[in-house]
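A.B. asks: If you want the building blocks of each chain, they are given just below.
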Amino acid sequence: MDAIRYLLILSAVLFSIGAAGVLIRRNALVIFMCIEIMLNAVNLTFIALSRQLQSLDGQIFVFMVMAVAAAEVAIGLGIIVSIFRHKPTTDVDDVSLLKG
Amino acid sequence: MTATPLETVLFIAFGAVAIAGALSVILARHAVYSALGMLVNFVALAAMYIMLSAEFLGIAQLIVYAGAIVVLFLFALMLIGGRRPAEQGRLTGGLAAAGSALVVVFLAEIAYLVMRLTGTAGAKGTVTPDVIAQLGHIQLLGATLLLEYILPFELASVLLLVGIVGAVMLARARRQSRQE
Amino acid sequence: MLAYAWLMLLFPLLGVLINAFFGRRIGKRAVSWVACSAIGLSFLVALGVLMGTAGSTGVEQPLFTWISAGSFHVEFSLLLDPLSALMAAVVTGVSFLIHIYSIGYMAEDPRYARYFTYLNLFVFAMLILVLANNYLMMYVGWEGVGLCSYLLIGFWFERKAAADAGKKAFIVNRVGDMGFALGIMLIFAMFGTLQFSEVFRRAPGILGPAAVTAITLLLFVGATGKSAQIPLYIWLPDAMEGPTPVSALIHAATMVTAGVYMVARNHVLFDMAPTTAAVVASIGAATAFFAATMALVEKDLKRILAYSTISQLGYMFLAVGVGAYAAGMFHLTTHAFFKALLFLAAGSVMHAMAGEINIQKLGGLREKLPRTYAVFAVGAAALAGVPLFSGFFSKDEILWRAFLHSPVLWLVGLGTAFLTAVYIFRALFVTFWGETRAEKKLWEHAHEAPAVMSIPMLILAVLAVIGGYIGLPRLSLVEGYLEPVLHAEHAAEAGATEWVLLAVSALIALGGIALAYYLYVVRPAVPANLSKQFAPLYTLLSRKYYVDEFYMAVVVEPLRQVGRFIAELFDPRVVDGAVNGLARLAGVCGEGLGTLQNGRVRSYALSILVGVVIILGYFLLR
Amino acid sequence: MNIADVQIVSILPQTLLLAAALVVFLADLVWKDRKGIGLLALAGVLATFVATVVMLAGPGVPTFQHMAAADRFALVISLVMSAAAVLAVLVSLDYIVRVDLPAGEYYGLLLLAASGMMFLGAATHLMTLFLSLEILSIALYALAGIRTTDIRAGEAALKYFLLGAFASAFLLYGMALLYGATGTTSLAGIAAAVPSVQTDPMLIAGLALLLIGFAFKVAAVPFHMWTPDVYQGAPSSVTAFMSVGAKAAGFAALVRVLVAVFPTLYAWWVWPVGVLAVLTMTWGNLAALAQGNVKRMLAYSSIAHAGYILVGVAAGEAGVSGVLFYLMAYALMNIGAFAVLIALERAEEDAAGVELERMRGLFHRRPWLAAAMTVFMFSLAGMPPLAGFFGKLYVFSAAVRSGLLVLAIIGVINSVISAYYYLRVVARMALAAPAEEAEPARCPALTIGTGIAAVGTVLLGIYPTWLLNLVQGTLAVLFGG
Amino acid sequence: MNSTGFPLLSLIVFLPLLGAVLVLLLGRRSHAGIRAVALAVTLIVLGLSLAAAALFRPAEAGIQLAEQAPWIPSLGISYRLGVDGFSLFLLPLTALLFVIAVLASWKPVGSDEASRSAVQSYFFWLLLLETGVLGVFAALDLVLFYVFWEAMLIPMYFLIGRWGGERRAYATMKFFIYTMAGSALMLVAILALGYFAYQSTGAWTFDWQTLRELKLAWPAPLWLFAMFGLAFAVKVPVFPFHTWLPDAYVEAPTPVTVLLAGVLSKMGVYGFVRFGLQLFPEGLRAAAPWLAVLAIIGILYASLSALMQKDVKRVIAYSSVAHLSLVVLGVVVANAQSLAGVVMQMVSHGIYVAALFLIVGMLEERRGTRLIAEFGGLWKPAPLLGVCFLIAMLGAVGLPGLNGFVGEFLILVGVFQGVRVYAVLAALGMILGAWYMLWTFQRIMQGPVEARSAGAADMRGMDLLVMVPLLVLIIVLGVFPNLILVPAGATINALVSQAAAVAWLP
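Protein chains in written order, with my numbering: chain S, 1 to 100; chain U, 101 to 280; chain L, 281 to 902; chain Z, 903 to 1383; chain G, 1384 to 1889.
Treat the hints as calculated values from the structure; they're not laboratory data. Given the structure is predicted, the values throughout are model-derived calculations rather than measurements. Check the hints yourself; a few may be wrong.
Keeping only pairs whose Cα atoms sit at most 30 Å apart, straight-line, the calculated DSSO-like set for lysine-lysine is [said to hold, decoys possible]:
hint: 1; chain 1: G; residue 1: 1763; chain 2: L; residue 2: 440
hint: 2; chain 1: L; residue 1: 641; chain 2: L; residue 2: 812
hint: 3; chain 1: L; residue 1: 579; chain 2: L; residue 2: 721
hint: 4; chain 1: G; residue 1: 1763; chain 2: L; residue 2: 308
hint: 5; chain 1: G; residue 1: 1693; chain 2: L; residue 2: 440
hint: 6; chain 1: L; residue 1: 641; chain 2: L; residue 2: 721
In silico contact screen, one side only, chain G against chain L (beta carbon under 8 Å); selected entries [stated by the list, open to error]:
hint: 7; residue: 1561
hint: 8; residue: 1623
hint: 9; residue: 1626
hint: 10; residue: 1687
hint: 11; residue: 1688
hint: 12; residue: 1691
hint: 13; residue: 1719
hint: 14; residue: 1720
hint: 15; residue: 1762
hint: 16; residue: 1763
hint: 17; residue: 1807
hint: 18; residue: 1814
hint: 19; residue: 1822
hint: 20; residue: 1830
hint: 21; residue: 1868
Negatives, chain L to chain S, calculated, CB over 10 Å [said to hold, decoys possible]:
hint: 22; residue: 283
hint: 23; residue: 742
hint: 24; residue: 840
Note that beta-carbon positions come from the ideal geometry of N, C-alpha and C, so glycine has one too.
The shape of chain S in the complex, shown without the other chains (with noise of 0.2 Å):
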């Protein structure tokens, strides 16, 4: 197998435990971490594509995705802290007044 195919499957994996976490976890801020390595696979697998292809526009699309998600830190911690103002946890299904 050579070493594209191995990364791709590596990244695949990662991708796919970040998703698994998404869904088991219920620490908001767990699930925020889950996000990041899904984001961080998919790094790998432009980096592992743009070595493959040769070219540097998949090194690029890593440095746009660095700066998405540091904003995304931002802006989701923020998001965290807002909510923990008025209630004290963090646990997804206690924040779920809008149904129906």
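Got chain S sorted already, so can you dock chains U, L, Z and G onto it with the hints?
C.D. replies: The following block gives chains U, L, Z and G in isolation, referenced to the frame of chain S:
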């Protein structure tokens, strides 16, 4: 993309470490352990980037992810995630079971996809690893970034601006003062 | 003279319009003057037309085009031939007399003007029916007279009985009219035109036996509805709820005879359809006999006369059924005179006895109402067929033709004649002979009818007597007169048999009178115990063979139940229910989807993952 | 590729918005008057609207380094976006004072979100696509949670954030696979490479994941779960802007990707899009039937309308102009409807949106407001003389032209179902007796905003040709650089 | 523009809209002014429509007074108006009934105080309704037709909903959704037709005349007719789709019921002919047997149901279902007589059903109830009302000499030439019709004078002004039906020749 035996060993090792880290994030009992798991994952990935001749990105990964984001998480954890949340039944529950089943199916689909891959048919670019080594990764990256991808670059800056303003606005303790 | 025939129609129409709009303002005297003069003038024109059409085979006078839709082209035009002229004369003549009579009879009624408006409208509609030159115009007249009979029967609509009777009359007529309408449609489908002349000219060529039978049968259904034959006669007895002059005019002399006229008018078709002719004859005979039996036990004088009318109409249909159209028309004419007379007499009795008409509460009116008694006697004699009176000749003519055609029918006819004599003289003796059974005060101030009512009765009495002579065998003016139109086949020369039959029917009539005399004058107790002995037969007859109840049970109630089922159950529950059910189903689905939205982020993430897996799976495996 | 031939003018509207946002941020530091800042933002947005109109009328403008194109398609999307932004700002001038929201951040983020949407509409490169999508998403996450004093807003923001991030991860993964399959990240490059790599599973998977990412953005079923909660939790003016802006941008990107980049794979993606359309319409309409809260009902109705637009997308090339027209019509009527809700909303008890009961007898209390709401309701239901009907007509005729008769039939039946819950609102307003006294008239800006929306809905209904000519030729020039 | 270049039809269609705007401009308080404007506008429209009828050249069968202007060229939709022999008399009928409705609304309308005072919005919606209805009859572009067809629902929704009886909310919602559901598929059919035109002529068009020349492969006409037919079947209504009618008619205020029964039901029949018979003759032929059976059931079902109704307004509602089912039967049979009967019956049914509903309104006004059981002997205190009710009822029952008879009889003659059994069954309807109408008339007008009816006032000024024109028309059209049959003759012949080509009957 021929891989020397040493590289394959290292790749496998780092891969395993990354997967371990990811697993610990989702399985750890306490949020702090999952944060640490995430750190391990990021470091392993950084190492792999470097091996894939994207040195600058590896370093950037270490600084941005491992440095900034993990620290931020730990900080947030300390602020609110401190107490042991009543995380009973985090793995049980129909939702979790269904979720993981679907994820496995998703993984199978991607794996099926990768297996049937007949090598990337995409047009080969010109930037071979030795070109990178020769010109220096940062220089190359900087040039393309600021020349060809100037618009995304600016957009990234706008994005960060939004992130900052949003975060400050959300997290600021809003006294009820204005209303009275 | 023929050119002004349309005036016959115009005058009654003017009478209607004037009385309708200005009736209340111009006072009772003016109303009666307007109404009576309208009919009088129309009668004069009718006489003129009668003279003018003698010997002619019919003149058509188009007035205006009514409907033109593709090949369906209907003109509004008059057909003036001896047959229609005769009918017009009879109609206008009798109704003129009855108009005069009504002035007296309806004097105190508050809605005086409306009464005369309806009466004029009736004559107008009847004339349209009679003078029509095509089936559709006849149908217009047909339903028009049906409407007027509805309005006049239910004239005193405060009384529920009168309102019900009016409604019953209109609906039963409508059933008959449906048959007539279907007949018209069949004719149009066959011929493409509704003109009498056209239809009769092309009939032999176009119509097959089945078709002509169908047409004639449908037309006959219409006739039974209008002329109250079995099975659609049930409305006539109830129609007595209306004012008596109305009964005299509409339910004795004119409207009910429309059926006979229609059959006579279509004699060409009926000749081509022997089966229908047989049906007509047998129904005629059966109705005659059947109605006579009921008249025997009837207590209400007007209802007796009503059954007698049904019976006499049965005779007329018997006549046209056996092909003796002239005899039928002749009897129609004479019947119009003496039956109208009898009704008017009954009217004057009611007038005198403040509305009391039950013969068992009257009696001995000979002294009190001598003129009415005399006139009633003449009418009764004519009806019973006493020799030298008009009824004798016309009825005998029918019996004679019936005998030629089939002895059985003749026998039934003869039996009915006997019963007729019995029941009419029973009415006479019980009402006018013996001691009176009326209350004291009614009896005291019973007085003779005023002149305005007596004169028409006298004229009718005269006509009831001399009417017969215009139809003497060989001298028969009527038959001669109608010859060009009806080409009635000439009877075998009046051989001995005709005279013998004449004698037989005279004997039968006198026998009937004698029996009535014996039962109701000599031994008045006999009828009472007779009715006890034959109690079941008596109740059967008095309950009018339960025909009304039969119709109610078989036709009216089931329809009403189905209607109730639809209105209260099927429509709101099933048809509407289905619609509302669909709406509720959508609502329920809505709630269902709402509950899926359980507010928990992780289940939302799950739905996203489901979507991902499905779409990815589709794309990869396609 | 040197700096010289960079055509700044091709992204003029977006840059104007960015500038306006920066000015607003700065003004907020100095100026405490919320209304003033609002007017400033309004000026910025109006300038953008004018700029877009001028560019639309002007000659074709080249693309910006094949990153973002200013073709007619992008400009019409910018037109819709700037119209929505103008109305949104107008509507929120008074609202944010009443609900006590921080003016500077509010307007700044709003403008940034708007520019993100415009960039997304104009994006002809995967990277611009992803970044502008993230800009508008993150701005909207923040805006959704801006009323920090209310737990519901926080909850809405959290849900929107987590699910948004989750979905954009898949989108990104799709982009990676596309990059892997075609070797380039610019849409034109991919479009060129598609015919040759037609059957490569990586390309197909990439397309699938991209479709999923945008399906989430436009709230197609089964990715729509977030919409009702987020729309109800967020402040009404944000919901108004979000329901129109994000949807329009999402559809613009979806159409550009599907119709311009993968026309040859039409047979592949027409059925999933069709099925998505049917599911979205039906789920949205049926769920809306059971809603007692008007705001939440409008959330479900926006899902349903996403379904109708998806029918246009499923119609492929024929449907592009129909989609654009529908988006413009939807912008006007939906923001109008929310404007009326905002006028009725009282801060304390209507935090979760105006209940249907509150609309009782509105015709007697505020006749003109009720009349406007009636226009919006009937237009949303697709009644003829109004814009909503011609939107549907245009979209369904495109579906019929592409042989998707079944979609048109289901669409038409759905609009009948929708008529019920729209009419319920009108019935409550017109037929029921008024329950409470008439509120005081709100600020003029809100009335102007509602008025523009109402007049626009009616005009677009009676004489839609002026917009139709604009959207007519968009397909021809769809390709970026 | 038509020969004279004068946009007569556009003026007729859009004048009421102008009137509606004018009404809005007048103050809410000036009720008299509003009523005057409404009456003036409707009268002018009546005059113009009669002028149009006069301008119409009876000899030619095709479309006249045609007007054409581009509306949405990119979708092939154009603004096209026109009238032919068939739809010629529907415009004056509509205009007349709207004048009558305005007059009947002279005294305040509505069941509660709030609605009775809302005179301005009442007349606003009424005039809008007139534009919608006139538009439906005059439109020749399918999409324009659909726009008017659906737009007309909005004013009707408010008229029933706000000024109706107790269950008005339910009734108006049901009416709106039912009609909209019925005509939903029609939109798809119209689009499909436009597409077929695009396929064969290269350009999208919805012009009715070009679409008529389209040669459609077989299954298409049947499906298209089915989709169009459903919308018209709901509107007429035909048997299973009629359950909205009793509620809508009963709950709507009297003037609106007059319009609902008199005009809106004609849109369904007009649709069946214009878009059924003329556009897809083969489709109609294939569906004809089913439609005929439904129509027959409709006649008997509705008549029987009318027999046992307790509320007089529902009796007349069901009677109108029965009469219209007969008209549908006439359309389906489609020969010279039946189509002439259809044209005649469309006009005459509009007139006598309007008269009947006005009388029901007067009855309800006098006694505050519509339950037949509570009436009795009203003819004595109110003779004029009695006579008017009698004439209107006899017109409805189809008494020869009045307008109901000519149409009904022509249809029956036409149907008889087709399938005799159907004619017999339909004729049964005539008997049932007489029965329930007379029975209702008797229980209200005749019989012993009910204590409470003794004081009932007879008809005065406004009632007579509203009723007399209708009664005069009932009689005049009865005696001179050719006033309508001759002008419509040429078009009917054209219709017949087209229908004959696909006649399903022997």
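A.B. asks: Hint by hint, say whether it matches the structure.
C.D. replies: Tested hints:
1. Annotation: proposed proximity of residue 1763(G) to residue 440(L) holds, straight-line Cα distance about 14 Å (limit 30 Å).
2. As the CA atoms of residue 641(L) and residue 812(L) are separated by approximately 20 Å, the hinted pair is consistent with the 30 Å bound.
3. Proximity of residue 579(L) to residue 721(L) is assessed by CA-CA distance (about 22 Å); at most 30 Å being required, the pair is judged to hold.
4. Of the supplied pair hints, the one linking residue 1763(G) and residue 308(L) holds, its CA atoms being roughly 19 Å apart against a limit of 30 Å.
5. For the given pair, residue 1693(G) sits about 19 Å from residue 440(L) by alpha-carbon distance, which is consistent with the 30 Å threshold.
6. Our distance criterion of 30 Å between C-alpha atoms is met by residue 641(L) and residue 721(L), whose separation comes to about 13 Å.
7. Of the supplied interface hints, the one on residue 1561(G) holds, with its beta-carbon coming within about 7 Å of a beta-carbon of chain L, less than 8 Å.
8. Taking 8 Å as the C-beta cut-off, the interface hint given for residue 1623(G) holds, the closest approach to chain L being about 6 Å.
9. Of the supplied interface hints, the one on residue 1626(G) holds, with its beta-carbon coming within about 4 Å of a beta-carbon of chain L, less than 8 Å.
10. With a cut of 8 Å, the hint placing residue 1687(G) at the interface with chain L holds, because the nearest CB-to-CB distance is about 4 Å.
11. At its closest, the beta carbon of residue 1688(G) sits 4 Å from a beta carbon of chain L; the interface hint therefore holds under the 8 Å criterion.
12. Taken as an interface hint, residue 1691(G) checks out: its beta carbon lies about 4 Å from the nearest beta carbon of chain L, inside 8 Å.
13. The restraint placing residue 1719(G) at the interface with chain L holds, with a minimum CB-CB distance near 3 Å, inside the 8 Å limit.
14. Given the 8 Å rule on beta carbons, the hint for residue 1720(G) holds: about 5 Å separates it from the nearest Cβ of chain L.
15. Annotation: interface hint on residue 1762(G) holds; nearest CB of chain L at approximately 6 Å, less than 8 Å.
16. Look at residue 1763(G): its Cβ gets to within about 7 Å of chain L, closer than 8 Å, so that hint holds up.
17. For the restraint placing residue 1807(G) at the interface with chain L, the shortest Cβ-Cβ distance is roughly 6 Å, inside the 8 Å limit, so the hint holds.
18. For residue 1814(G), the suggested interface contact is upheld, since its CB lies about 5 Å from the closest CB of chain L, less than 8 Å.
19. Restraint check, residue 1822(G) versus chain L: the minimum CB separation of about 6 Å is within 8 Å; hint holds.
20. Checking residue 1830(G) against chain L by beta carbon gives a least distance of about 5 Å; that is within 8 Å, so the hint holds.
21. Residue-level restraint check for residue 1868(G) holds (minimum Cβ-Cβ distance to chain L is 5 Å; threshold 8 Å).
22. For residue 283(L), the requirement that its beta carbon stay farther than 10 Å from each beta carbon of chain S is met, with the minimum near 89 Å.
23. With 10 Å as the threshold on Cβ separation, the claim that residue 742(L) sits away from chain S holds: the shortest Cβ distance comes to roughly 98 Å.
24. Under the 10 Å C-beta cut-off, the non-interface status given to residue 840(L) relative to chain S holds; the minimum distance is some 51 Å.
Taken one by one, the earlier hints all hold for this structure without exception.
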